[in-house]
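Trainee: Below are the chains, spelled out letter by letter.
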Amino acid sequence: MARALINVPPKAKRGEVIEIKTLISHEIESGFRPDSVGKLVPRDIITLFVATYNGQEIFRADLHPAIAANPFISFFTVATESGKIEFKWTGDNGFSQTETAAITVE
Amino acid sequence: MTGRRVAASPCRVSCRVLSRAFVLAALVIANSFTSGAEIPLAQRQSGYEFMTRETRAMQDDDTTNPGMLWVLDGEALWSRKAGEAGKSCADCHGDAPANMKGVAARYPAFNAARNRPINLEQRVNLCRTEQQKAAPLAFESKDMLALTAFIGRQSRGMPIADPMNDRTRPFIEAGRDMFFRRQGQINLSCAQCHDDNWGGKLAGVPIPQGHATGYPLYRLEWQAMGSLQRRLRNCLTGMRAESFPLGADDYVDLEIFLMWRARGMPVETPAVRP
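Residue numbers (our numbering), protein chains in the order written: chain A, 11 to 116; chain B, 396 to 669.
Since the hints were made in silico from the structure, they are not lab data. Since the model is a prediction, treat every value here as computed from it, not as a measurement. In this text, a Cβ means the ideal position worked out from N, Cα and C, and glycines have one as well. Treat the hints with care, since some could be wrong.
[As the list claims (entries may be wrong)] 30 Å max Cα-Cα, derived BS3-like pairs, lysine-lysine:
| # | chain 1 | residue 1 | chain 2 | residue 2 |
| --- | --- | --- | --- | --- |
| 1 | B | LYS528 | B | LYS476 |
| 2 | B | LYS482 | B | LYS496 |
| 3 | B | LYS537 | A | LYS31 |
| 4 | B | LYS482 | B | LYS528 |
| 5 | A | LYS94 | A | LYS23 |
| 6 | A | LYS31 | B | LYS528 |
| 7 | B | LYS528 | B | LYS596 |
| 8 | A | LYS49 | B | LYS482 |
| 9 | A | LYS23 | A | LYS98 |
| 10 | A | LYS98 | B | LYS537 |
| 11 | A | LYS31 | A | LYS21 |
| 12 | B | LYS537 | B | LYS482 |
[Stated by the list, open to error] Using C-beta positions, here's what the derived DEER-type ranges look like:
| # | chain 1 | residue 1 | chain 2 | residue 2 | range |
| --- | --- | --- | --- | --- | --- |
| 13 | A | PRO75 | B | LEU521 | 16 to 22 Å |
| 14 | A | VAL27 | B | GLY633 | 42 to 48 Å |
| 15 | B | PRO669 | A | LYS49 | 29 to 35 Å |
| 16 | A | ASP45 | B | LYS496 | 38 to 44 Å |
| 17 | A | VAL27 | B | ASP645 | 53 to 59 Å |
| 18 | B | ALA508 | A | SER106 | 43 to 49 Å |
| 19 | B | GLY552 | A | PRO20 | 22 to 28 Å |
| 20 | A | LYS49 | B | ALA598 | 40 to 46 Å |
| 21 | A | PHE85 | B | ALA598 | 30 to 36 Å |
| 22 | B | MET553 | A | PRO20 | 27 to 33 Å |
| 23 | A | THR110 | B | ASP456 | 16 to 22 Å |
| 24 | B | ALA471 | A | LYS31 | 20 to 26 Å |
| 25 | B | ARG576 | A | ASP45 | 31 to 37 Å |
| 26 | B | LYS528 | A | LYS21 | 47 to 53 Å |
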């Protein structure tokens, strides 16, 4: 499983705009690079990132081969209720990883 | 971030090489008239000072610093049993945050058995072969970078220890000789960039003072973690000089000289550099 770093504020006021930061370890092989004998290294990238807040989708991004390795994705959302924010990365070769973070809204 | 997959046309490449060679040639000419002087202690600056605000912010926050991905891997490796002895690092050294604090700040350090200084990577491999009875880790392998990043992280913020003593002196001197020696097809020394022209630009990129305070570090151009020796190999290649095999004594001499040169500056591991 890939390492991921998630930064969600543990506490927020209702209606507050919060920043969420995610970082995941992934080689992101573009598919355009030749190896030492000149053969193209097959593409291996993350293609989709989705964040859900208590089951409701709040952010989605399609990723393409020009993304750097270990992609960092940051976005803003409104803290509406306490619960779980779930992050899911999916990619080539069956790559799939889910991480969750808890938030308390007062 | 784009360095890895720049798809330039052949003309573009040759133009770039030419312009870079021209800049270097200009540097060499400029320097043949000035005498190399070491940077006064109070004027030393970490490479951090030469970075953009965005890259600094990336390094400062542990949840955005990609080097932390390696640190977390290293933390897992620290307590994983390895080798025929079935021992983990933690079995001997215990709790890393308590017991490894300050260790990376005093490496390379003199090793009596080898009768010369060894760097942190070599120390890890000594532990592996002698204590754990395991195969040594390859230099620049993911596990080696993870372990050294994790050990280095325990010293973050601590001053780099002055490595100078009677036993290390000849090796530091050897490293210093290499630092001031002109080499490669461009006939350039480390000092000509990092002592005489720091703060200037080389191919549009700021030239830092070359203090190795944050290794292993995450370099955006590499899109990965790398050790100080990878950085040194990079510089030597840029000077069109022959680089040494990873782990060579020449590199370790240069490393210990660089630590002496950066003595007292805070450890930044895992640093982020462009």
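Trainee: Next step is simple, just say for each hint if it's right about the structure.
Mentor: How the hints compare with the structure:
Restraint check for LYS528/B and LYS476/B: satisfied, since their Cα atoms lie roughly 11 Å apart, inside the 30 Å limit. Between LYS482/B and LYS496/B the CA atoms are separated by roughly 21 Å; this keeps the pair inside 30 Å, and the hint holds. Between LYS537/B and LYS31/A the alpha-carbon distance is near 24 Å, which keeps this suggested pair within the 30 Å criterion. About 9 Å separates the Cα atoms of LYS482/B and LYS528/B, which keeps this hinted pair within 30 Å; it holds.
Distance check on the hinted pair: LYS94/A and LYS23/A sit about 15 Å apart at the alpha-carbon level, within 30 Å; holds. A threshold of 30 Å between alpha carbons decides the hint, and for LYS31/A with LYS528/B the separation of about 41 Å lies outside it, so the pair is violated. Distance restraint check for LYS528/B and LYS596/B: the Cα-Cα separation of roughly 48 Å exceeds the 30 Å cut-off, and the hinted pair is therefore not satisfied. Restraint check: the Cα-Cα separation between LYS49/A and LYS482/B comes to about 41 Å, which exceeds 30 Å; the hinted pair is violated.
Pair hint LYS23/A plus LYS98/A holds up; C-alpha atoms about 25 Å apart against a cutoff of 30 Å. Proximity of LYS98/A to LYS537/B is assessed by CA-CA distance (about 25 Å); at most 30 Å being required, the pair is judged to hold. Restraint check: the Cα-Cα separation between LYS31/A and LYS21/A comes to about 15 Å, which is no more than 30 Å; the hinted pair holds. Taking the CA atoms of LYS537/B and LYS482/B, the gap is about 20 Å. The hint holds against a cut of 30 Å.
Separation of PRO75/A from LEU521/B is about 42 Å and departs from the stated range, judged on CB atoms against 16 to 22 Å. Between VAL27/A and GLY633/B the beta carbon distance is about 45 Å. The supplied range of 42 to 48 Å therefore holds. Between PRO669/B and LYS49/A the CB atoms are about 31 Å apart, so this pair conforms to the stated range of 29 to 35 Å. Look at ASP45/A against LYS496/B: about 42 Å separates their beta carbons, and that is inside 38 to 44 Å.
About 54 Å separates the C-beta atoms of VAL27/A and ASP645/B, a value consistent with the hinted range of 53 to 59 Å. At roughly 48 Å, the beta carbons of ALA508/B and SER106/A sit within the given window of 43 to 49 Å. The given range of 22 to 28 Å is respected by GLY552/B and PRO20/A, whose C-beta atoms sit roughly 25 Å from each other. LYS49/A and ALA598/B have their C-beta atoms about 31 Å apart, which leaves the hinted 40 to 46 Å range violated.
For PHE85/A and ALA598/B, the hinted distance range of 30 to 36 Å is satisfied, since their beta carbons lie about 34 Å from each other. Here the CB-CB span from MET553/B to PRO20/A is close to 29 Å, well matched to the stated 27 to 33 Å. Checked against the hint of 16 to 22 Å, the pair THR110/A and ASP456/B passes, with Cβ atoms roughly 21 Å apart. The hint said 20 to 26 Å for the Cβ distance between ALA471/B and LYS31/A, and at roughly 22 Å that hint holds.
At about 35 Å, the CB distance of ARG576/B to ASP45/A agrees with the hint of 31 to 37 Å. Between LYS528/B and LYS21/A the beta carbons are some 49 Å apart, a value that agrees with the proposed interval 47 to 53 Å.
Consistency note: the structure conflicts with the earlier hints numbered 6, 7, 8, 13, 20.
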